[in-house]
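Engineer: All chains should be built: construct the whole structure from the sequences, respecting the hints.
In order, the protein sequences belong to chains A and B. Residues in the first sequence are numbered consecutively from 1, following the numbering used here. Residues in the second sequence are numbered consecutively from 1, following the numbering used here.
A few of these clues could be false.
In silico DSSO-like links for lysine-lysine, alpha-carbon gap of 27 Å or less [what the hints assert, rightly or not]: (1) Lys145/A with Lys116/B; (2) Lys417/B with Lys368/B; (3) Lys151/A with Lys71/A; (4) Lys376/B with Lys71/A; (5) Lys376/B with Lys145/A; (6) Lys163/B with Lys71/A; (7) Lys368/B with Lys448/B; (8) Lys417/B with Lys376/B; (9) Lys25/B with Lys145/A; (10) Lys14/A with Lys71/A; (11) Lys435/B with Lys448/B; (12) Lys163/B with Lys151/A; (13) Lys368/B with Lys71/A.
No wet-lab data here; the hints were simulated from the structure.
Spelled out from the first residue to the last, the chains are:
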Amino acid sequence: MSKEHEHGMSLIVKTVTRLTVGLIFLYGIYIILHGHLTPGGGFAGGVIIALSFINLDLAFGGKVSAGIFSKESTGVVEALGALMFLALALIGLQYGGFFDNFLHPDGEPGGLVSAGIIPLENIAISLKVGAGLFGIFLTLIVLQKFESESKQ
Amino acid sequence: MISESIVPLFVAVPLAGAFLTALLKRVRGIPDILGVMSSFSGFVLSVFFLVRMQAERTVLVLNVGNWGGFQEVMGRIVGIQMVVDGFTIFMLLIVNFVAFLVAVYSVSYMTRYTDKWQFHTLFLLMLAGMNGVLVTGDMFNLFVFVEVASIASYALVGFGTGKRELEASFKYAVMGGVASLLILLGIIFLYSATGTLNMGDMKTVLSEWSVQPALIYLVFGLFLAGFGLKAAIVPFHAWLPDAHPSAPAPISAMLSGVLIKALGVYAIARVFITVFGFPRQVSIILLVLAAISMGVGALVALRQWDMKRLLAYSSISQVGYIMLGFGIGTPLGIMGALFHLFNHSMFKSLLFLDSGAVEYATGTRNMKEMGGLARKMPVTSGSTLAGAMSLAGIPPFAGFWSKLVIIVAAVQAHHMKLAAWAVLMSIVTIAYVLKVTRFAFLGELREKFRDIREVPALMRIPLIILALMCIFGGLLLVPQVRDVLLSPAVRVLAENGGM
Numbered sequence: 001m002s003k004e005h006e007h008g009m010s011l012i013v014k015t016v017t018r019l020t021v022g023l024i025f026l027y028g029i030y031i032i033l034h035g036h037l038t039p040g041g042g043f044a045g046g047v048i049i050a051l052s053f054i055n056l057d058l059a060f061g062g063k064v065s066a067g068i069f070s071k072e073s074t075g076v077v078e079a080l081g082a083l084m085f086l087a088l089a090l091i092g093l094q095y096g097g098f099f100d101n102f103l104h105p106d107g108e109p110g111g112l113v114s115a116g117i118i119p120l121e122n123i124a125i126s127l128k129v130g131a132g133l134f135g136i137f138l139t140l141i142v143l144q145k146f147e148s149e150s151k152q
Numbered sequence: 001m002i003s004e005s006i007v008p009l010f011v012a013v014p015l016a017g018a019f020l021t022a023l024l025k026r027v028r029g030i031p032d033i034l035g036v037m038s039s040f041s042g043f044v045l046s047v048f049f050l051v052r053m054q055a056e057r058t059v060l061v062l063n064v065g066n067w068g069g070f071q072e073v074m075g076r077i078v079g080i081q082m083v084v085d086g087f088t089i090f091m092l093l094i095v096n097f098v099a100f101l102v103a104v105y106s107v108s109y110m111t112r113y114t115d116k117w118q119f120h121t122l123f124l125l126m127l128a129g130m131n132g133v134l135v136t137g138d139m140f141n142l143f144v145f146v147e148v149a150s151i152a153s154y155a156l157v158g159f160g161t162g163k164r165e166l167e168a169s170f171k172y173a174v175m176g177g178v179a180s181l182l183i184l185l186g187i188i189f190l191y192s193a194t195g196t197l198n199m200g201d202m203k204t205v206l207s208e209w210s211v212q213p214a215l216i217y218l219v220f221g222l223f224l225a226g227f228g229l230k231a232a233i234v235p236f237h238a239w240l241p242d243a244h245p246s247a248p249a250p251i252s253a254m255l256s257g258v259l260i261k262a263l264g265v266y267a268i269a270r271v272f273i274t275v276f277g278f279p280r281q282v283s284i285i286l287l288v289l290a291a292i293s294m295g296v297g298a299l300v301a302l303r304q305w306d307m308k309r310l311l312a313y314s315s316i317s318q319v320g321y322i323m324l325g326f327g328i329g330t331p332l333g334i335m336g337a338l339f340h341l342f343n344h345s346m347f348k349s350l351l352f353l354d355s356g357a358v359e360y361a362t363g364t365r366n367m368k369e370m371g372g373l374a375r376k377m378p379v380t381s382g383s384t385l386a387g388a389m390s391l392a393g394i395p396p397f398a399g400f401w402s403k404l405v406i407i408v409a410a411v412q413a414h415h416m417k418l419a420a421w422a423v424l425m426s427i428v429t430i431a432y433v434l435k436v437t438r439f440a441f442l443g444e445l446r447e448k449f450r451d452i453r454e455v456p457a458l459m460r461i462p463l464i465i466l467a468l469m470c471i472f473g474g475l476l477l478v479p480q481v482r483d484v485l486l487s488p489a490v491r492v493l494a495e496n497g498g499m
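Structural biologist: Here it is in structure tokens:
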């Protein structure tokens, strides 16, 4: 980000962002929860959720998302997502094997509550991917600030 | 049944360790404990499987996600399989043993760097990737784990974040990326030709063809270049002399000791020997590349003054020896290759850890500035001597026996020129090994090094254990030990394509 965008972009961009950012976030959640029914899933949904945060930062300047989500917490959420994924795979050992879909008797094909542990794994992946991507974005911002400061 | 279902723990335990480390990074001592414990449990698991394999003598096959029942319905294997046979266990033992010792060593060594938890996280991810490569029975899964281990190693090479480290890491990442691309392309072509990704199925389909389609030869080339890059065989070696010296010493030990073997040598052996049945063209190419690697690596190593760079070139040369054994293709040649692979893991990780110990104490890797360290650092210099003698192939040390087996195998297979070349290059090896001991440890002690001290105990213990492995490694050839470790691994490879 250059110096003039320290406090964000123009009023138009800010207003549009304010209106759409919630929708983008919700759309990400929709993609994750319907991952086993429609195209998409944990990875795509996680990216969309991360993009909604990145959108906030781009429109309003680098400090808005820091109030919601610090770089420290992205690391924690990322690790939690990975551990959740692994834990689901390991619980399967109790029921007959690694990655065994131990919830599969529930639900019916096409329904939202179906496919056993796959939606849960989608949620875990989305945490990992979303937090990871946003963490990378925050790191890049810090790097760029550092570079522009050292130039001055 | 029970032991089959815990095969995934080879991957799951290091992964859990990695993410728990990331989560609990603030708690003092936790990253160290998790790093050591995860790699130790990997070692315990491999010993457990070794014992079980002794008792039952079967190949363990696990269907991940319980997709095994669909095999009858669909008429082919559905889902990913994990396979543990003699070769896998042999490699798992080496990888997890070295990883455990390196983890112990890094507890003290990595205090030189900030953010130690990141090191342990990446280290465990790399270990998970390597274990995954070894246990998987699925072609695409192999690629995924190769990537997990590679990407973790790119980050680890650049861990010092200095100019040189980042440059080496970038070079490694680009060349590794090209290698991964070639491997993926090969897998895609192979899948389109055979219609399956399972290695066992693939082998059946390939052996049923009376005429090999031309596409298969393209796949040979892609895999040779791709896995050759990972194994750093000449002419695919350019990344290694930069990456190994730039990484922190424990990582150099891991890269040279086990990573190039798990991702490169193991994958070449597994794909070309068990899946393709070791076609004659490939074995000839392997022999030529092995001979070139042995020569180039050894001769360039002679000219180096940076201790780690010298060892890095020596790795290229020694991987040439391993490839020579595989290229010969007789059961004796394969045994020599596997035995030398084991020995190289031990002495090369030992020598890299030693170079790290010297750097820890003196702050330099340039051998021109060292001298007389033997008096101040008895454990480091003694273990370096053991590793160096094993590398040079001085009798009773382990390296002598494995080189002897390879050379005898070459003579038996009527590759007289190659046998002579291997002997000649092992003389060159003695020369550069003597350079290390002479300039670093013997001679006059410099004034500025008068106050240096031996490294801490946690760094000394792995050095001593590895030095003992270098001295007594020859015992692997004793029939009782050979039947447990080497023979089952050789049998897996020789049954499938041995000439």
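Engineer: Is Lys145/A within 27 Å of Lys116/B, Cα to Cα?
Structural biologist: 25 Å, holds
Engineer: Starting from Lys163/B, check that the Cα of Lys151/A is at most 27 Å away, please.
Structural biologist: 18 Å, holds
Engineer: What's the verdict on Lys151/A and Lys71/A, does the C-alpha distance respect the 27 Å limit or exceed it?
Structural biologist: 24 Å, holds
Engineer: Is the hinted pair Lys25/B and Lys145/A satisfied, with a Cα-Cα distance of at most 27 Å?
Structural biologist: 26 Å, holds
Engineer: Take the C-alpha atoms of Lys163/B and Lys71/A, compute the straight-line distance between them, and say whether it is at most 27 Å.
Structural biologist: 25 Å, holds
Engineer: Given the hinted pair Lys417/B and Lys376/B, is their alpha-carbon gap at most 27 Å?
Structural biologist: 44 Å, violated
Engineer: Straight-line Cα separation of Lys417/B and Lys368/B no greater than 27 Å?
Structural biologist: 36 Å, violated
Engineer: With the threshold set at 27 Å, check whether the alpha-carbon distance from Lys368/B to Lys448/B stays at or below it.
Structural biologist: Roughly 14 Å separates the two Cα atoms, so the pair holds.
Engineer: Within 27 Å, alpha carbon to alpha carbon, are Lys376/B and Lys71/A?
Structural biologist: Between Lys376/B and Lys71/A the Cα gap is close to 45 Å, so the pair fails against 27 Å, i.e. violated.
Engineer: If you draw a straight line from the CA of Lys376/B to the CA of Lys145/A, is it 27 Å or shorter?
Structural biologist: 47 Å, violated
Engineer: So if I understand the rule, the pair passes when the alpha-carbon distance is 27 Å or less; does Lys14/A with Lys71/A pass?
Structural biologist: 23 Å, holds
Engineer: Going straight from one Cα to the other, do Lys368/B and Lys71/A come out at no more than 27 Å?
Structural biologist: It is violated: about 45 Å lies between the C-alpha atoms, which goes past 27 Å.
This entry does not satisfy hints 2, 4, 5, 8 and 13, going by the numbered hints stated previously.
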